[in-house]
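Trainee: Spelled out, the chains give:
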Amino acid sequence: MENKKQSLGSMLLGKWDTKTIVGIAIGAALFGVLMDFGGIKVTTNTSLTSAYVVLPIVGALFGPLPAALTGLIGNTIADLIGGWGFWFDWSFGNAVAGFFIGLLPVYGAKIADGIFTTKHAIIYAIVTIIGVGLGFGVVTPVLTVLFYSSELTVTWIQAWAAIISDASVAIIVGIPVLFALAARNKKKTNLTKED
Amino acid sequence: MDDRLFINLSPGSTYLDKLTGKTKVRLFFAFIILLIATWDMRIIFPTLILTIIGLSSLHSKLKSVKAITIFVVFTNLLNLFLIWIIEPDYGATICGGSTVLFQFTPFYIVTGETMWYFLVRFCKMMATFVAAMTFIQSITPSELAAGLYANKIPYKVCMIVSIAFRYIPDILRDFQAIKISMQARGMELDAKKTTLWTRLKQNVLILVPLIVTSFDRVGNIANAMDLRGFGKNKTRTYYAEHEDGPGDRQMKIFYIFLYLLILVVIAFRIFKPSEFEVWYPWS
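Quick note, the sequences are listed as chains A and B, same order.
First residue of the first sequence? That's 1 in our numbering, and the numbers climb one at a time after it.
First residue of the second sequence? That's 1001 in our numbering, and the numbers climb one at a time after it.
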């Protein structure tokens, strides 16, 4: 495989072709459904959900901004079919967390080409904790105050539960999934892409 | 994950079905924003009644809503119970005051204000849920994309929302297919024969092929869209969107009224905030 140098900006934005659009859409649908039905309840409206496996996959295949959009649209879809009301503060928290989780291609983990090493896994774990902490510990509470002022005490409890449960799912389940995906894609790399 | 996911793929024939996607999207957002903005029972209760009328006007599809409604009522009651466990006197800061009705221990008390807050919250969540159900049941994925596009959202984003919406029943179908094929290979999912923990673990095992097949399908869908010239031009039109009918003109007056109400509610919250978040009738 030839190593094309991409600028940081284009890596952050991802490539906006049809494939990316479909990828975000399917990621968001999976995220929404798993958020509602693929988890065990921890506290009010927060659960140990398998949805957080979707974000690293979208991030690895398409980049950080698509992962952020997956979190944003996915969480809104989860609210739509979940029936617990609409919490757009959490949608934006998920978007920030998704952006950080999806930073994979920026530090060189190219899952599509089968590149994912232990070093990448460690960076991924640290970035995930920072991202989830920033998303649910800062962005969500700030937006909660702006949108729904009375809900802050509940949000703090939920935020801690969400940080711990979502970060652990993204790391403990996410890293093996990323290794498996990388190994699966490695077999294909003797083929070169024709332009 | 059984019969809870249902998306309407062909437009129906009732009053709400016949509205354009644009009107449906605007009406839905009017209801949702109003319900987020207010904690006042005098607004929430009429809204709940209106959304229930809306849902029952789609009478042919009521059967599919039953299972999820039971699930949602249960989830909401559980949420309220968890709030009560964490902070039994929750209503004190929100409604102002704590009239003790009932006392288990000095900490676990049942106050009138907390109960009123829970009632308001329950009505608010149910109104949001019924509005969401009415919206899902009356709109098709194409109409959703058309409706969002008519509200000046870039069409690539509309397409994302529309595909995601359309893909939900496919996830259900794949989940069932994988579950059946794994059971055929000897995986025990019967509640009577296995423990809850093993069943949970086996459900996680279903998720892996579910996620992998879903992302494998991305290439196919993207190719099909590219072959039809998706993304070539800056704007696009939709077959699903039609001219405004009489219903659209009536609903336009209604949603303009709702948006004005939202402005009034928000203005009151900014310029003349009441002492407590939730209006309590007996204080």
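If you're looking for bench data, these hints aren't it; they were derived computationally from the structure.
Just so you know, even glycine gets a beta-carbon here, dropped at the ideal spot from N, CA and C.
Fair warning: there could be bad hints in the mix.
Dumping the calculated BS3-like pairs for lysine-lysine here, alpha-carbon to alpha-carbon at most 27 Å [stated by the list, open to error]:
| no. | chain 1 | residue 1 | chain 2 | residue 2 |
| --- | --- | --- | --- | --- |
| 1 | B | 1252 | B | 1018 |
| 2 | A | 15 | A | 186 |
| 3 | A | 19 | B | 1252 |
| 4 | B | 1022 | B | 1156 |
| 5 | A | 119 | A | 186 |
| 6 | A | 19 | B | 1156 |
| 7 | B | 1252 | B | 1022 |
| 8 | A | 15 | A | 110 |
| 9 | B | 1152 | B | 1232 |
| 10 | B | 1232 | A | 15 |
| 11 | B | 1234 | B | 1152 |
| 12 | B | 1066 | B | 1192 |
| 13 | B | 1193 | A | 15 |
| 14 | A | 15 | B | 1156 |
| 15 | B | 1193 | B | 1022 |
| 16 | B | 1066 | A | 19 |
| 17 | A | 186 | A | 110 |
| 18 | B | 1156 | B | 1234 |
| 19 | A | 110 | B | 1018 |
| 20 | B | 1179 | B | 1156 |
| 21 | B | 1066 | B | 1152 |
| 22 | B | 1018 | B | 1193 |
| 23 | A | 19 | B | 1234 |
| 24 | A | 15 | B | 1066 |
Interface residues of chain B toward chain A, partial, derived using beta-carbon atoms under 7 Å [unchecked claim]:
| no. | residue |
| --- | --- |
| 25 | 1101 |
| 26 | 1153 |
| 27 | 1156 |
| 28 | 1160 |
| 29 | 1164 |
| 30 | 1169 |
| 31 | 1222 |
| 32 | 1230 |
Trainee: State for each hint whether it applies.
Mentor: Here is how each hint holds up against the structure:
Between the alpha carbons of residue 1252 of chain B and residue 1018 of chain B the distance comes to roughly 14 Å, so the proposed pair stays at or under 27 Å and holds. With a CA separation close to 21 Å, the supplied pair residue 15 of chain A and residue 186 of chain A stays within the 27 Å bound. Simply put, residue 19 of chain A and residue 1252 of chain B have alpha-carbon atoms about 37 Å apart, too far for the 27 Å limit, and the pair is violated. Between residue 1022 of chain B and residue 1156 of chain B, the direct Cα distance comes to roughly 17 Å. Compliance with the 27 Å bound is thereby established for this hinted pair.
Restraint check for residue 119 of chain A and residue 186 of chain A: the C-alpha separation of about 18 Å stays at or below 27 Å, so the hint holds. Note on residue 19 of chain A and residue 1156 of chain B: the hinted pairing holds, with a Cα-Cα distance of about 12 Å set against a maximum of 27 Å. Using a Cα cut-off of 27 Å, the hinted pair residue 1252 of chain B and residue 1022 of chain B holds, with the two alpha carbons roughly 10 Å apart. Proximity of residue 15 of chain A to residue 110 of chain A is assessed by CA-CA distance (about 14 Å); at most 27 Å being required, the pair is judged to hold.
Distance hint between residue 1152 of chain B and residue 1232 of chain B is fulfilled; the C-alpha atoms sit about 18 Å from each other, no more than 27 Å. Distance hint between residue 1232 of chain B and residue 15 of chain A is fulfilled; the C-alpha atoms sit about 15 Å from each other, no more than 27 Å. Under the criterion of a C-alpha separation no larger than 27 Å, the hint pairing residue 1234 of chain B with residue 1152 of chain B is consistent with the structure, at around 13 Å. For the proposed pair residue 1066 of chain B and residue 1192 of chain B, the alpha carbon gap of about 26 Å is at most 27 Å, so the pair holds.
Pair hint residue 1193 of chain B plus residue 15 of chain A does not hold up; C-alpha atoms about 49 Å apart against a cutoff of 27 Å. Taking the CA atoms of residue 15 of chain A and residue 1156 of chain B, the gap is near 13 Å; set against the 27 Å cutoff, the hint holds. As the CA atoms of residue 1193 of chain B and residue 1022 of chain B are separated by approximately 51 Å, the hinted pair breaks the 27 Å bound. Between residue 1066 of chain B and residue 19 of chain A the alpha-carbon distance is near 37 Å, which puts this suggested pair outside the 27 Å criterion.
For the hint pairing residue 186 of chain A with residue 110 of chain A, the CA-to-CA distance comes to about 10 Å; that is within 27 Å, so the pair holds. With a C-alpha separation of about 10 Å, the suggested pairing of residue 1156 of chain B with residue 1234 of chain B holds against the 27 Å cut-off. For the hint linking residue 110 of chain A to residue 1018 of chain B, the alpha-carbon distance of about 48 Å lies beyond 27 Å, and the restraint is violated. This hinted pair does not check out: residue 1179 of chain B and residue 1156 of chain B have alpha carbons roughly 34 Å apart, beyond 27 Å.
Distance hint between residue 1066 of chain B and residue 1152 of chain B is unfulfilled; the C-alpha atoms sit about 35 Å from each other, more than 27 Å. With a C-alpha separation of about 49 Å, the suggested pairing of residue 1018 of chain B with residue 1193 of chain B is violated against the 27 Å cut-off. Distance restraint check for residue 19 of chain A and residue 1234 of chain B: the Cα-Cα separation of roughly 18 Å lies within the 27 Å cut-off, and the hinted pair is therefore satisfied. Only pairs whose Cα atoms come within 27 Å are accepted, and residue 15 of chain A paired with residue 1066 of chain B is rejected, the gap being roughly 42 Å.
Because the smallest distance between the Cβ of residue 1101 of chain B and any Cβ of chain A comes to about 22 Å, over 7 Å, the interface hint for this residue is violated. Taken as an interface hint, residue 1153 of chain B does not check out: its beta carbon lies about 12 Å from the nearest beta carbon of chain A, beyond 7 Å. Restraint check, residue 1156 of chain B versus chain A: the minimum CB separation of about 6 Å is within 7 Å; hint holds. Of the supplied interface hints, the one on residue 1160 of chain B holds, with its beta-carbon coming within about 5 Å of a beta-carbon of chain A, less than 7 Å.
The beta carbon of residue 1164 of chain B comes within 4 Å of a beta carbon in chain A, closer than 7 Å, and the hint placing it at the interface holds. Hint status for residue 1169 of chain B: violated, given a least beta-carbon distance of 10 Å to chain A, over 7 Å. Contact between residue 1222 of chain B and chain A, as hinted, is supported at the beta carbon level, the nearest pair being about 4 Å apart and thus within 7 Å. For the restraint placing residue 1230 of chain B at the interface with chain A, the shortest Cβ-Cβ distance is roughly 6 Å, inside the 7 Å limit, so the hint holds.
Against the hints set out earlier in the document, violations occur for numbers 3, 13, 15, 16, 19, 20, 21, 22, 24, 25, 26, 30.
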